[in-house]
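According to this note's numbering, the residues represented by the sequence shown are 5 to 115, in order.
These are computed hints drawn from the structure, not numbers from a lab. For clarity, every value in this text was computed on a predicted model and none was experimentally measured. Idealized CB from N, CA, C, for every residue including glycine. Take these hints with a grain of salt, some might be off.
[To be verified] DSS-like cross-link-like pairs, simulated, lysine-lysine; straight-line CA separation at most 27 Å:
hint: 1; residue 1: K59; residue 2: K90
hint: 2; residue 1: K59; residue 2: K108
hint: 3; residue 1: K35; residue 2: K19
hint: 4; residue 1: K20; residue 2: K35
hint: 5; residue 1: K20; residue 2: K41
hint: 6; residue 1: K76; residue 2: K59
hint: 7; residue 1: K76; residue 2: K90
hint: 8; residue 1: K40; residue 2: K20
hint: 9; residue 1: K90; residue 2: K35
hint: 10; residue 1: K59; residue 2: K23
hint: 11; residue 1: K108; residue 2: K40
hint: 12; residue 1: K71; residue 2: K108
hint: 13; residue 1: K88; residue 2: K71
hint: 14; residue 1: K76; residue 2: K88
hint: 15; residue 1: K35; residue 2: K59
hint: 16; residue 1: K40; residue 2: K112
hint: 17; residue 1: K112; residue 2: K35
hint: 18; residue 1: K90; residue 2: K112
hint: 19; residue 1: K59; residue 2: K112
hint: 20; residue 1: K19; residue 2: K40
hint: 21; residue 1: K23; residue 2: K35
hint: 22; residue 1: K71; residue 2: K90
hint: 23; residue 1: K40; residue 2: K59
hint: 24; residue 1: K23; residue 2: K40
hint: 25; residue 1: K40; residue 2: K109
[To be verified] Derived Cβ-Cβ restraints for the label pairs, each shown as a range:
hint: 26; residue 1: S91; residue 2: P58; range: 20 to 28 Å
hint: 27; residue 1: K90; residue 2: K35; range: 31 to 39 Å
hint: 28; residue 1: G105; residue 2: Y78; range: 28 to 36 Å
hint: 29; residue 1: L46; residue 2: T83; range: 38 to 46 Å
hint: 30; residue 1: S16; residue 2: K40; range: 15 to 23 Å
hint: 31; residue 1: E21; residue 2: Y93; range: 25 to 33 Å
hint: 32; residue 1: K109; residue 2: R72; range: 12 to 20 Å
hint: 33; residue 1: T83; residue 2: H34; range: 31 to 39 Å
hint: 34; residue 1: S12; residue 2: S75; range: 54 to 62 Å
hint: 35; residue 1: I86; residue 2: A36; range: 33 to 41 Å
hint: 36; residue 1: V33; residue 2: Y103; range: 34 to 42 Å
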Amino acid sequence: MVKNLENSEIISQLKKETKIVIILDNYPVHKAQLAKKACEILNIQLILLPPYSPKLNPIEQVWRIIKRELSKIYIKDETFLIQKFKSYYNEIVGNETLYEGWIKKIIKTNC
5 MVKNLENSEI ISQLKKETKI VIILDNYPVH KAQLAKKACE ILNIQLILLP PYSPKLNPIE
65 QVWRIIKREL SKIYIKDETF LIQKFKSYYN EIVGNETLYE GWIKKIIKTN C
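Turn these sequences into a full structure, and let the hints steer you where they fit.
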């Protein structure tokens, strides 16, 4: 995959594109040389969260909120559970305030 990207014309074109920033946990595959090289070529900046920092990982906050909300209701069957899960998930993911707060935490921790 990386060899296909190591073309000066492709690299030159990608450098003109807007840089993409991806924030990841410290899972070992995220730090693999192949991933680093591909990101460098694709003009992607990886920001790795500190180890054992679930409060800084947005998906952990999503799971926490969903678990809290599900604990407040009677779950009559699997279909109902799936329906409620999807509903809560879509509501949370669409909540910009959650992300704004999370971004402020990241900046405070990393700056």
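Legend entry - Hints breached by this structure: Hint check: 9, 18, 36 fail, others pass.
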